[in-house]
Amino acid sequence: GAVVSQHPSWVICKSGTSVKIECRSLDFQATTMFWYRQFPKQSLMLMATSNEGSKATYEQGVEKDKFLINHASLTLSTLTVTSAHPEDSSFYICSARDLTVAKNIQYFGAGTRLSVL
Amino acid sequence: QQQVKQSPQSLIVQKGGISIINCAYENTAFDYFPWYQQFPGKGPALLIAIRPDVSEKKEGRFTISFNKSAKQFSLHIMDSQPGDSATYFCAASMNPTSGSRLTFGEGTQLTVNP
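Chains as they are written, first to last, in the numbering used here: chain E, 14 to 130; chain Z, 42 to 155.
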C-alpha cells in the first residue's frame, strides 16, 4: 500500500514556541492532504484540507493563524503550530489521497505527539 | 446529516470469536465506506472498504456488510485474535470531486482476550 511519512513522531516544546510537522507521500503524488487532531480515546477531528499550490481550507473553529498549513509540492504538506500553548498538546495526524487511483482512499501518517510545556 | 454513528464504544471478545462493529449514516450522498484500524500511538491504517453497489466485501478474516436501504454498514472480524485488539473507526465520504473528506465514526475499542 501507499506510504505516508510523518515527522517528527514526538515533539516536546516550550510554551510560546512554534513547531513544524511534515507529512510526505513517499510513493505517490497527492494533490490533497488532510490534517487531523485526535484527543485520547476520541475520534479524528479534521482540522483542514490542504491542496497543492493553494490555500488550505480550515474547518470551523480552527484558527488558521495558529495552525499554518503549507502544501508546496505534490508530496509534501507541513503543519506549523505557532506560539504553542499547553492546550495545543495533542496527537496530530496527516493523510494523503492518492490521485492516481480511481478510489477515494486516504493513507494516514503515523501521527505526531505534541507536548507543550 | 454528516454524522456517522458507530457502536459499540467498546467490545470484548474471546480469541476465536466474532467481533461485530456497526455504523449508521444519514447522508445518502456518501458513496465510499472504509474501515480503519488504529493501534495506540499510531495513525489509522485502512483495513477494508466498500461502495454502495455491493452488499458485502470480504478480505481474509474481515468482512463488511452493507445495507443501503437501512443506511447501515458493519465490520465482522472472524476468528478474532489478540493481535486484533485496537480501535476501529468506520468512515464515509462522498465522490472525490466533492472534496473526498472522510467523516469518521466515534470509534470502537476492541479487546480480544487470549
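Calculated from the structure, these hints are not laboratory results.
These numbers come from a predicted model, not from an experiment.
Ideal Cβ placement from N, Cα and C applies to all residues, glycine included.
One or more of the hints may lead you astray.
Under 10 Å between C-beta atoms, here's a sample of chain E residues computed to sit facing chain Z [claimed, not checked]: (1) C26; (2) Y49; (3) T93.
Which bits of chain Z does chain E cover? Going by a derived footprint, with three or more residues having C-beta under 8 Å, they are [stated by the list, open to error]: (4) 52-59; (5) 97-108; (6) 112-125.
30 Å max Cα-Cα, derived DSBU-like pairs, lysine-lysine [claimed, not checked]: (7) K83/Z with K33/E; (8) K109/Z with K46/Z; (9) K99/Z with K27/E; (10) K83/Z with K56/Z.
Going through the hints against the structure:
1. C26: 19 Å, violated
2. Y49: 9 Å, holds
3. T93: 19 Å, violated
4. 52-59: violated (count 0)
5. 97-108: violated (count 0)
6. 112-125: violated (count 0)
7. K83/Z with K33/E: 19 Å, holds
8. K109/Z with K46/Z: The hint holds at about 15 Å.
9. K99/Z with K27/E: The hint is violated at about 48 Å.
10. K83/Z with K56/Z: 23 Å, holds
In this structure, the earlier hints numbered 1, 3, 4, 5, 6, 9 are contradicted, and the remaining ones agree with it.
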